[in-house]
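> These are the residues of each chain, in order.
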Amino acid sequence: MLTIKHFTKSYKGGKKAVNDLNLVVEPGDIYGFIGHNGAGKTTTIRAVVGVLDFEEGDVEIDGISIKKDPVACKSKIAYIPDNPDLYDHLTGIQYLNFIGDLFSVSKADRELLIKKYCDAFQITANLGDMISSYSHGMKQKLAITSALIHKPKLLVLDEPFVGLDPKAAHMLKTIMVDLCSKGSAIFFSTHVLDVAEKLCNKIAIIKAGQLITHGKTEEVKGKNSLEDVFMELIAND
Amino acid sequence: MINIWRLTKIQLLSSFGLNKALHTLDVKERRKAILLSSSILAGVLMIAVVSFGYSFMMAMTFEQMGRMDLLLAIMMAVTSIVGFFTTIYKASGVLFSYKDYDLVMSLPIKTSHVVASRVLQLYVLNLFFTLIVMLPAGVVYAIKVNPETLFYLLFLMTLLFIPLLPIIAATIIGSFISWVSSRFKASRMISLVLTFVVIIALMVGSFGLNGNEQVLADMGTELADMIFKLYPLADMYVDAVCSYRMSSFLLFIALSVLSFMIFATVLGTRYKAIHTGLTTSHASSKYIMKPLEASSPFRALYKKELRRYFSSSIYVLNTSIGMILLLVMSIALLFVSSEKLGELIEIPQLSHYLSTLAPMIVSLFVTLSCTTSSSISLEGNHLWILKSSPISKQTILLSKVAVNLTITLPVLVVSSMLLMISLRPGWIESLLLLVIPLIYACYSAMMGVIVNLKLPNLEWTSEVTVIKQSAAVIVSMFIGVISLLIPLGISLLLTHVNGNLILIGIGMIMIAVCLVMFRYIQTKGERLFRTI
Numbered sequence: 001m002l003t004i005k006h007f008t009k010s011y012k013g014g015k016k017a018v019n020d021l022n023l024v025v026e027p028g029d030i031y032g033f034i035g036h037n038g039a040g041k042t043t044t045i046r047a048v049v050g051v052l053d054f055e056e057g058d059v060e061i062d063g064i065s066i067k068k069d070p071v072a073c074k075s076k077i078a079y080i081p082d083n084p085d086l087y088d089h090l091t092g093i094q095y096l097n098f099i100g101d102l103f104s105v106s107k108a109d110r111e112l113l114i115k116k117y118c119d120a121f122q123i124t125a126n127l128g129d130m131i132s133s134y135s136h137g138m139k140q141k142l143a144i145t146s147a148l149i150h151k152p153k154l155l156v157l158d159e160p161f162v163g164l165d166p167k168a169a170h171m172l173k174t175i176m177v178d179l180c181s182k183g184s185a186i187f188f189s190t191h192v193l194d195v196a197e198k199l200c201n202k203i204a205i206i207k208a209g210q211l212i213t214h215g216k217t218e219e220v221k222g223k224n225s226l227e228d229v230f231m232e233l234i235a236n237d
Numbered sequence: 001m002i003n004i005w006r007l008t009k010i011q012l013l014s015s016f017g018l019n020k021a022l023h024t025l026d027v028k029e030r031r032k033a034i035l036l037s038s039s040i041l042a043g044v045l046m047i048a049v050v051s052f053g054y055s056f057m058m059a060m061t062f063e064q065m066g067r068m069d070l071l072l073a074i075m076m077a078v079t080s081i082v083g084f085f086t087t088i089y090k091a092s093g094v095l096f097s098y099k100d101y102d103l104v105m106s107l108p109i110k111t112s113h114v115v116a117s118r119v120l121q122l123y124v125l126n127l128f129f130t131l132i133v134m135l136p137a138g139v140v141y142a143i144k145v146n147p148e149t150l151f152y153l154l155f156l157m158t159l160l161f162i163p164l165l166p167i168i169a170a171t172i173i174g175s176f177i178s179w180v181s182s183r184f185k186a187s188r189m190i191s192l193v194l195t196f197v198v199i200i201a202l203m204v205g206s207f208g209l210n211g212n213e214q215v216l217a218d219m220g221t222e223l224a225d226m227i228f229k230l231y232p233l234a235d236m237y238v239d240a241v242c243s244y245r246m247s248s249f250l251l252f253i254a255l256s257v258l259s260f261m262i263f264a265t266v267l268g269t270r271y272k273a274i275h276t277g278l279t280t281s282h283a284s285s286k287y288i289m290k291p292l293e294a295s296s297p298f299r300a301l302y303k304k305e306l307r308r309y310f311s312s313s314i315y316v317l318n319t320s321i322g323m324i325l326l327l328v329m330s331i332a333l334l335f336v337s338s339e340k341l342g343e344l345i346e347i348p349q350l351s352h353y354l355s356t357l358a359p360m361i362v363s364l365f366v367t368l369s370c371t372t373s374s375s376i377s378l379e380g381n382h383l384w385i386l387k388s389s390p391i392s393k394q395t396i397l398l399s400k401v402a403v404n405l406t407i408t409l410p411v412l413v414v415s416s417m418l419l420m421i422s423l424r425p426g427w428i429e430s431l432l433l434l435v436i437p438l439i440y441a442c443y444s445a446m447m448g449v450i451v452n453l454k455l456p457n458l459e460w461t462s463e464v465t466v467i468k469q470s471a472a473v474i475v476s477m478f479i480g481v482i483s484l485l486i487p488l489g490i491s492l493l494l495t496h497v498n499g500n501l502i503l504i505g506i507g508m509i510m511i512a513v514c515l516v517m518f519r520y521i522q523t524k525g526e527r528l529f530r531t532i
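From first to last, the protein sequence lines are chains R and G. Note that UniProt numbering has the first sequence beginning at 1, numbered continuously upward. Note that UniProt numbering has the second sequence beginning at 1, numbered continuously upward.
Excised from the complex, chain R in its bound form (with noise of 0.2 Å):
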């Protein structure tokens, strides 16, 4: 679903935010992405789903390159930022439409999912307000949903608990893992150890631009916590 190959982007000035990272995502995988601040996983994420241009390395999305063909990928990506700012001009339900048009989801399954995942989220009743009046965690929930709309195959999160109440926080994992169940993938950073160890399959860790491991959460891990590994690591470079 997604394969990173020798992924390297340097900052202006010549100093590498991320080095020669390699990494394959398959369907069905909830894969978490984990690493100190600044340590190249926002950089990674904004340039997989085609927001952050790149000279070194390639990002495919269901085979096809970002670089060569960026529209047919990002038609199967949803992005979710770490701090989703939505457009405060318009109301929540005019956001949720107006990126059902830039991603050509049917009338029907619009009306539909919009429903469901709003309901879930309960801000329903918000959706006729402006967005600028809604709250961090209400933001982040619209964002979601805008996200799952149009049925993505591949899902690309950033910090996605930050700022969710526990039953959002709760209610977004059910969805993460219905939606791997259905054959999409899911991407996605995370500071919160104990979330990852529970709900990811795979795990990488990065760490100053170079991917120190990755692979089955079990076999990262072994027979310790996530946390004791993730800090193991990270002192041992």
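Don't take each hint at face value.
Below are the DSS-like pairs computed for lysine-lysine, each with C-alpha atoms no more than 25 Å apart in a straight line [said to hold, decoys possible]:
(1) R:Lys107 / G:Lys290
(2) G:Lys32 / R:Lys115
(3) R:Lys16 / G:Lys32
Simulated from the structure, these hints should not be mistaken for laboratory data.
With chain R's structure known, arrange chain G on it following the hints.
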């Protein structure tokens, strides 16, 4: 007091992409910044030279009349009035609409000092304009009068205070409009309408003060009376600088500084309440799912862009004031014949030139109404939504062009038709009056998009820095005006060639330029959008 300067400095650093240019490590970016600063500097020098020439020509007349003081009086009044009008509509944006409000207001700084720093931002921008106009005028005055050393001292000192009072007056009006609007649910729309009404009313009012052409013909004392009536402080200024009257000098400075301090203190007491009123969104939380309307991606982007446009009063005011003035002027001309107009603005045989001039003047208003030059920068933190959408960048960029044309075309067509009625041109001239501005509307909209792609500013905290002070807006305005001045100059020089032929030639060239730009957006636009 040091905090006022600290806050002002932070705001100014984000203007014109200054901080980015200072700290960028990218050689390409740095080269771009140097090129841009040199172009702006060249533009400023050009305006200063024109200003000097204009002052010099006026000085020759005033020298004959023995009233050289009128040169400084006129220039001071002009800078003050222009500063006043251009500040009214941006005052509310600068004072109340900035993203780091929460951060700034949580700092241990007096509210009145925050207000003062916002007003000082307006002051610095206006001071820039004052210097460009007043310094050449001062030099001309010094050459002609050869004044005492005291003149230079007084002239330079008062220079710093000239923009203060007009800004305060404009900011009082802007704040009052914001205060009234903040009490209503649709505060932004009310603020927008009120600002338009106030600007047009003030302009119509100041035209009324101009008197009749008899006064203009008489010059001398009556001209001085007219200027002083229009802007009473000019009298005090001339007294201080040209007659070295210390009481006037001190009064002028005291009035400027005191009004600034009183304004900052008084507004400081209501500042939070006004800001809260303006920024609070009405939330009913009673939405019930209804059938949704599906649109094509282009239509969806167009609707989103149009909503964005009307959500920002500073954006609307800055880019549509030209079109509104065009409409007001076209309506006014229904009641004035072209011969009478020629007498009024002292251009004999104006009707003879109008066939060439009218399409270019209308085009000038159109190019000044460029919404696209800041439309990409205004995406700011929201750019990820468009970047991660499965839409060709060409569709995104053309939706921005379409919104610009929506703002300009209807007013342009109506105004051109009104001008056809009032000026009664022949059918070819009528056609040109409609077609040339239409071409310029397309040109300006596409050029704005390209310039903004080349000079984006996504890290802004106040919309004003993007809409009024960004490099893209300044450069596209400069290119727009140059694109009109060159053909206008050619048509005025080639008096022996049929004016219609020249206009047709200009039209053909501009169509070719538009086609090239359209192709550029289709090809390079995609790549440029990806890199921002």
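> Now tell me, hint by hint, if it's right for this structure.
Hint by hint, here is what the structure shows:
Among the hinted pairs, Lys107 (chain R) with Lys290 (chain G) is consistent with the structure: their alpha-carbon atoms are about 12 Å apart, no more than 25 Å. Between Lys32 (chain G) and Lys115 (chain R) the alpha-carbon distance is near 49 Å, which puts this suggested pair outside the 25 Å criterion. Proposed proximity of Lys16 (chain R) and Lys32 (chain G) is supported: the alpha carbons are some 24 Å apart, at most 25 Å.
In the structure shown, a violation is registered for the earlier hint numbered 2 alone.
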